[in-house]
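Novice: Residue strings, one per chain:
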Amino acid sequence: MGTAFLYGNGGSGGTGATLTITAPAGCTVTVSKDGKTKTKTAGTDGLAVFKGLSTGEWTVTITDGSQQASKTVTVTADYATSITFFTATINVTYPAGSKCTVTDGVTTLTAPDTSGTWECVVPNAGTWTARESAKGFSDSVSINSSGDFAELDVTKLWLYKNGDSRTDNTGGWNAAGWTSNYPLTAGVLASDRIKMYGTVGKETLLATDKKVDLSGVTTLFVDFNVMSNQSNNTYALLLNSAKGNYQNTKYGYVATSSIGVQKLSLPINGKDSAYISMVVGGNVNLKVDVFRIWAE
Amino acid sequence: MIVYLDADYRCYVTQGENRVAVDADYFNGKCPAFIEGYQFVPEGETWVREDGETFRGEMIAPWKPWEELDTAQRAYERELAETLSAENAALLSDMAQLVEEVYQSDMEMMGI
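These protein sequence lines map, in sequence, to chains A and B. Counting in this note's numbering, the first sequence runs from 2 upward without gaps. Counting in this note's numbering, the second sequence runs from 5 upward without gaps.
These are calculated hints, taken from the structure and not from any lab test. Note that beta-carbon positions come from the ideal geometry of N, C-alpha and C, so glycine has one too. Check before you lean on any hint, since a few could be wrong.
Partial selection, computed: residues in chain A whose CB lies under 7 Å from chain B [to be verified]:
no., residue
1, G27
2, G217
3, T220
4, Y252
5, Y254
6, V255
7, S266
8, L267
9, P268
10, N270
11, K272
This is chain A alone, in the form it adopts within the complex:
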């Protein structure tokens, strides 16, 4: 994997700028602008030097015959950039009929169609965020190495996803500002799940820190595993109109005492925003791992 650096030198003698590119030794380096193309082979030191280039936007491409990478750079008096043979694939699912982009804050890629699925090839490591145009839903993933494969789903309003608290949508998950008819303790945010485990004499609660904007969605979902239970204690997912005593502010809920990996759903009707909360009863044998919470 190689890195290409461009150095622009202001012309103190002669016309145009000089670009010095560092790339994998022996690879073909091409610069192009306005239909004009120049090609060189990177030397054993990895350098390819192009002289007499006009200012403006140039596309730099490197290839070794089996892989290719491209980068657009703006030539000014002084400049630098890097190009590597790096590819990773993100499978993006987005609402059919809408547009979708993926960006790392520097490079933005656009889905080629509105089909709803896109095998997006990204050129570098980093955090890549997909966003769709219909409702503005987004989802992010970290790409670390060339060859990585990941999946993003922007058909959902994510509220919690395998360790990601989605603070952009929720403000985070905690128990601050909540009470109950019983003593209350907070659920635990682990690296890849929320642990809603029962405690003797207390209810366990965790909730969004802010009201979630529910415009455009009709159903709330949760993926979870009730690992153990006793005496029909329940795990409940609730919609609350306000913080405070969750028993008084809840206006909808779904609950179960069944054991096992499962998914629950709750209709969202006629309210544009709400706090989302979860509660388990006070039995130490009730242990619930929550993996994903979202709305569609």
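Mind docking chain B on chain A? Use the hints.
Specialist: Only chain B this time, still in chain A's reference frame:
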């Protein structure tokens, strides 16, 4: 309290054809307009929405706009509070009258 469910698990406060009676504590203290804006799927039962989405009980959710139900419930509680307040005032007045009558009777007995 007892509510009655139709085939779509919508709640009613009165019995009717093909309605099933269930006990739902969530609706204790709630007015009819509030209750009848809700769906209740008991534990062990499943409701399939017209778009195919499945909802497993126990589930309680409004099917009418929440603001409408909340407004109705608040009006009901206000009216209830006013009624109770008026009854309370009447009881206090009656008690005060009783106390006055007893006092006057005692005064007469003592020749005062």
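Novice: Now tell me, hint by hint, if it's right for this structure.
Specialist: Going down the list of hints, with the structure as the test:
{"no.": "1", "hint": "G27", "result": "violated, 57 Å"}
{"no.": "2", "hint": "G217", "result": "violated, 15 Å"}
{"no.": "3", "hint": "T220", "result": "holds, 6 Å"}
{"no.": "4", "hint": "Y252", "result": "holds, 6 Å"}
{"no.": "5", "hint": "Y254", "result": "holds, 6 Å"}
{"no.": "6", "hint": "V255", "result": "holds, 4 Å"}
{"no.": "7", "hint": "S266", "result": "holds, 5 Å"}
{"no.": "8", "hint": "L267", "result": "holds, 6 Å"}
{"no.": "9", "hint": "P268", "result": "holds, 5 Å"}
{"no.": "10", "hint": "N270", "result": "holds, 5 Å"}
{"no.": "11", "hint": "K272", "result": "holds, 4 Å"}
Checked against the numbered hints given earlier, this structure breaks hints 1, 2; the rest are met.
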